[in-house]
Amino acid sequence: MKQKSVAVVGAAETTKMGKIPDVSVIGLHADAALNAMADAGLKPTDIDGVACAGISPVELAQYLGITPTYADGTSVGGCSFMLHVRHAAAAINEGLCTTVLITHGESGRSRVGAGGFGRAPSSLMGQFEMPYGVTAPPTMFTIPVLRYMKTYGVTEEDLANVAVIQREWAAKNPRASYKDPITIDDVLNSDMIAWPFRKLMCCLVTDGGGALILTSAERAKDFPQKPVYVLGTGESVETPMVSQMEDFTSSKAFRVSGKKAFDEAGISHADVDHLMIYDAFAHLPLYGLEDLGFCKPGEAKHFINERNTAIGGKLPLNTNGGGLSYMHSGMYGMYALQESVRQMRGIAPAQVDGAKISVCHGVGGMFAASGTVIFSNEA
Amino acid sequence: MPPRILPEPTPETQHFWDGTRNGELLLQRCKETGEAYFPPRPFAPKTGSRNVEVFKASGRATLHSYVINHRPRPDMGTEPYAIAVVQLEEGPRMMTNIVGCPQTPEALVLDMPLEVVFEKMSDTITLPFFQPAKG
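So the protein sequences, as listed, match chains S and D. The opening residue of the first sequence carries number 27 in our numbering; numbering runs sequentially from there. The opening residue of the second sequence carries number 5 in our numbering; numbering runs sequentially from there.
Read the hints as simulated data drawn from the structure, not as lab findings. Keep in mind that a hint or two might mislead.
Stated by the list, open to error - Lysine to any residue pairs mimicking SDA-like chemistry, simulated, CA-CA at most 25 Å apart:
| hint | chain 1 | residue 1 | chain 2 | residue 2 |
| --- | --- | --- | --- | --- |
| 1 | S | 278 | D | 103 |
| 2 | S | 225 | D | 127 |
| 3 | S | 176 | D | 113 |
| 4 | S | 278 | D | 38 |
| 5 | S | 225 | D | 76 |
| 6 | S | 278 | D | 94 |
| 7 | S | 278 | D | 49 |
| 8 | S | 278 | D | 60 |
| 9 | D | 50 | S | 149 |
| 10 | S | 176 | D | 94 |
| 11 | S | 285 | D | 94 |
| 12 | S | 252 | S | 137 |
| 13 | S | 30 | S | 322 |
| 14 | S | 278 | D | 124 |
| 15 | S | 176 | D | 95 |
| 16 | S | 286 | D | 49 |
| 17 | D | 50 | S | 273 |
| 18 | S | 225 | D | 81 |
| 19 | S | 176 | D | 124 |
| 20 | D | 35 | S | 373 |
| 21 | S | 225 | D | 109 |
| 22 | S | 286 | S | 251 |
| 23 | S | 225 | D | 110 |
| 24 | D | 60 | D | 109 |
| 25 | D | 50 | S | 272 |
| 26 | S | 176 | D | 111 |
| 27 | S | 176 | D | 112 |
| 28 | D | 124 | S | 148 |
| 29 | S | 42 | S | 67 |
What the hints assert, rightly or not - Cβ pair distances, simulated, as ranges:
| hint | chain 1 | residue 1 | chain 2 | residue 2 | range |
| --- | --- | --- | --- | --- | --- |
| 30 | S | 176 | D | 59 | 26 to 32 Å |
| 31 | D | 78 | S | 295 | 52 to 58 Å |
| 32 | D | 75 | S | 120 | 23 to 29 Å |
| 33 | D | 138 | S | 162 | 32 to 38 Å |
| 34 | D | 104 | S | 272 | 27 to 33 Å |
| 35 | D | 38 | S | 209 | 50 to 56 Å |
| 36 | D | 39 | S | 72 | 28 to 34 Å |
| 37 | S | 294 | D | 79 | 49 to 55 Å |
| 38 | D | 26 | S | 147 | 18 to 24 Å |
| 39 | S | 91 | D | 53 | 19 to 25 Å |
The C-beta atom is built at its ideal place from N, Cα and C for all residues, glycine as well.
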């Protein structure tokens with residue numbers, strides 16, 4: 027895509043987050059959408075492009091009263107929204123539409139109006155993974171990690187420290203689910219979920235949603251909020267089965283998506299002021315830092331342990347507290363994007379002073395898919 | 005305990021499940037490149053060639069990675085169990101369970117040699133598991 031040709035002009039999360047037993051999945055989409063439209067000063071009839079995952083864009087358009095000329099139902103897990111941003115930028119540049127609404131809503135905890143997690147027993151995952159006792163992401167996303175730990179000498183303490191430092195960021199965010207400080211011992215003494223993963227190395231399960239509105243950079247100047255420009259984007263997919271990842275110590279989808287985004291943006295790693303890496307589990311920031319090229323393979327643990335990603339560090343990472351402490355409704359990518367936009371607007375609760383470039387990197391499924399969006403707040 | 009979740013073969017995978025029922029671990033390979041692949045499909049990934057063949061794997065493997073699930077799925081019983089990915093001698097990897105040894109980090113050491121064993125789960129489905137190599 028052309029750098030800075032498209033901008034985010036509306037961004038909001040649901041009115042409430044955490045436990046919302048009185049709102050259904052589509053209601054969370056709508057609540058976030060209405061908040062984002064209010065943020066941008068728009069009505070549903072001003073929107074001519076829709077994108078969402080989890081529910082169909084048909085449901086979203088009809089529910090909100092939108093008549094779109096562009097609809098994107100890309101659904102590749104928690105990074106779907108990064109791909110929606112990328113596709114929306116292309117669509118706006120190509121003239122398919124002018125104003126795209128991207129929504130997320132998920133009743134992850136309360137399960138109001140939500141479908142099940144089931145996989146067809148005739149699918150490849152149903153035939154070649156489910157029979158061996160995998161359950162939800164905690165027993166699938168985690169499977170490559172022992173190989174990563176053996177290859178690079180990563181310890182359980184290293185994994186625990188990812189959660190400890192992210193909790194420090196969460197403490198600065200009033201909307202974060204968990205704000206109390208934790209220690210490495212707290213993490214290692216929390217309930218065993220799937221060895222070597224303890225509870226505090228796993229993301230939250232909450233209810234919530236978020237929405238973004240994008241339009242051309244030219245139109246963005248006339249909106250009430252400071253535009254946040256899309257500087258570069260990337261996406262890729264690898265495998266629906268974690269057992270079939272090419273390399274258990276590195277995500278191919280991460281590498282391909284990240285490189286594409288950095289190439290499009292025309293920036294170097296030293297230009298990045300703020301970073302979001304989707305952290306469904308504590309190992310993901312380690313893989314992300316290495317696969318995006320911020321660290322050499324095996325060096326992310328040192329980078330984190332030396333507090334480079336912590337408050338006051340040179341590369342603030344997951345400044346909302348992440349999926350481990352802020353919130354995680356199931357498809358967390360939308361909340362990572364919201365935090366990048368807040369940082370670029372200069373309004374984040376844990377604002378990085380003078381931040382001009384934010385990299386937002388998402389994962390979908392169990393290393394199945396990836397999307398990367400690089401934002402800038404300079405036209 | 006509810007019945008164990010079992011696979012439903014499709015026409016493209018039926019030979020694999022026929023194989024396990026007969027005590028054989030069947031893989032496929034591209035006849036042009038010789039590269040073995042898994043899970044089953046009637047063409048070779050990357051080359052896209054339909055010129056492929058089914059062959060019997062040695063059953064030898066090493067332990068590539070795993071977790072020990074401490075929240076057992078109801079059909080898997082009540083004790084923690086390892087969900088493993090093994091590196092087959094022929095190249096592909098597959099998910100499985102490790103049997104015939106304690107389900108502990110001390111007993112399950114990465115890269116330990118393993119061999120396939122077959123366990124009949126129903127009239128149509130026999131699952132391939134792996135145990136520490138005896139040979």
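Hints and how they fare:
1. As the CA atoms of residue 278 of chain S and residue 103 of chain D are separated by approximately 31 Å, the hinted pair breaks the 25 Å bound.
2. Note on residue 225 of chain S and residue 127 of chain D: the hinted pairing is violated, with a Cα-Cα distance of about 39 Å set against a maximum of 25 Å.
3. Annotation: proposed proximity of residue 176 of chain S to residue 113 of chain D holds, straight-line Cα distance about 10 Å (limit 25 Å).
4. Proposed proximity of residue 278 of chain S and residue 38 of chain D is supported: the alpha carbons are some 24 Å apart, at most 25 Å.
5. The suggested pairing of residue 225 of chain S with residue 76 of chain D holds, with an alpha-carbon distance near 15 Å, which does not exceed 25 Å.
6. As the CA atoms of residue 278 of chain S and residue 94 of chain D are separated by approximately 22 Å, the hinted pair is consistent with the 25 Å bound.
7. As the CA atoms of residue 278 of chain S and residue 49 of chain D are separated by approximately 16 Å, the hinted pair is consistent with the 25 Å bound.
8. Between residue 278 of chain S and residue 60 of chain D the CA atoms are separated by roughly 30 Å; this puts the pair beyond 25 Å, and the hint is violated.
9. Between residue 50 of chain D and residue 149 of chain S the alpha-carbon distance is near 21 Å, which keeps this suggested pair within the 25 Å criterion.
10. Restraint check for residue 176 of chain S and residue 94 of chain D: the C-alpha separation of about 23 Å stays at or below 25 Å, so the hint holds.
11. Among the hinted pairs, residue 285 of chain S with residue 94 of chain D is inconsistent with the structure: their alpha-carbon atoms are about 32 Å apart, more than 25 Å.
12. This hinted pair does not check out: residue 252 of chain S and residue 137 of chain S have alpha carbons roughly 35 Å apart, beyond 25 Å.
13. Of the supplied pair hints, the one linking residue 30 of chain S and residue 322 of chain S is violated, its CA atoms being roughly 29 Å apart against a limit of 25 Å.
14. Our distance criterion of 25 Å between C-alpha atoms is broken by residue 278 of chain S and residue 124 of chain D, whose separation comes to about 36 Å.
15. At roughly 20 Å between alpha-carbon atoms, residue 176 of chain S and residue 95 of chain D fall within 25 Å of each other, so this suggested pair holds.
16. With a CA separation close to 24 Å, the supplied pair residue 286 of chain S and residue 49 of chain D stays within the 25 Å bound.
17. With a C-alpha separation of about 16 Å, the suggested pair residue 50 of chain D and residue 273 of chain S falls inside the 25 Å cut-off, and the hint holds.
18. For the hint linking residue 225 of chain S to residue 81 of chain D, the alpha-carbon distance of about 21 Å falls within 25 Å, and the restraint holds.
19. With a C-alpha separation of about 34 Å, the suggested pairing of residue 176 of chain S with residue 124 of chain D is violated against the 25 Å cut-off.
20. As the CA atoms of residue 35 of chain D and residue 373 of chain S are separated by approximately 60 Å, the hinted pair breaks the 25 Å bound.
21. Restraint check: the Cα-Cα separation between residue 225 of chain S and residue 109 of chain D comes to about 18 Å, which is no more than 25 Å; the hinted pair holds.
22. At most 25 Å may separate the alpha-carbon atoms for a hinted pair to count; residue 286 of chain S and residue 251 of chain S exceed this at roughly 28 Å.
23. Proximity of residue 225 of chain S to residue 110 of chain D is assessed by CA-CA distance (about 21 Å); at most 25 Å being required, the pair is judged to hold.
24. In summary, the hint linking residue 60 of chain D to residue 109 of chain D is not supported, as the alpha carbons are separated by about 31 Å, beyond the 25 Å threshold.
25. Between residue 50 of chain D and residue 272 of chain S the alpha-carbon distance is near 13 Å, which keeps this suggested pair within the 25 Å criterion.
26. Note on residue 176 of chain S and residue 111 of chain D: the hinted pairing holds, with a Cα-Cα distance of about 16 Å set against a maximum of 25 Å.
27. Distance hint between residue 176 of chain S and residue 112 of chain D is fulfilled; the C-alpha atoms sit about 13 Å from each other, no more than 25 Å.
28. Taken as a hint, the residue 124 of chain D and residue 148 of chain S pair is honoured in the structure, with Cα atoms around 18 Å apart against an allowance of 25 Å.
29. Only pairs whose Cα atoms come within 25 Å are accepted, and residue 42 of chain S paired with residue 67 of chain S is accepted, the gap being roughly 21 Å.
30. Checking the proposed 26 to 32 Å range against residue 176 of chain S and residue 59 of chain D shows it holds: the Cβ atoms sit about 31 Å from each other.
31. As the Cβ distance of residue 78 of chain D to residue 295 of chain S is approximately 46 Å, the hint placing it in 52 to 58 Å is violated.
32. At about 47 Å, the CB distance of residue 75 of chain D to residue 120 of chain S disagrees with the hint of 23 to 29 Å.
33. The hint said 32 to 38 Å for the Cβ distance between residue 138 of chain D and residue 162 of chain S, and at roughly 35 Å that hint holds.
34. Checked against the hint of 27 to 33 Å, the pair residue 104 of chain D and residue 272 of chain S passes, with Cβ atoms roughly 29 Å apart.
35. For residue 38 of chain D and residue 209 of chain S, the hinted distance range of 50 to 56 Å is satisfied, since their beta carbons lie about 53 Å from each other.
36. Between residue 39 of chain D and residue 72 of chain S the CB atoms are about 53 Å apart, so this pair departs from the stated range of 28 to 34 Å.
37. Between residue 294 of chain S and residue 79 of chain D the C-beta distance comes to about 51 Å, which sits within the given range of 49 to 55 Å.
38. For residue 26 of chain D and residue 147 of chain S, the hinted distance range of 18 to 24 Å is satisfied, since their beta carbons lie about 21 Å from each other.
39. Distance hint for residue 91 of chain S and residue 53 of chain D: a CB-CB separation of about 51 Å, inconsistent with the stated range 19 to 25 Å.
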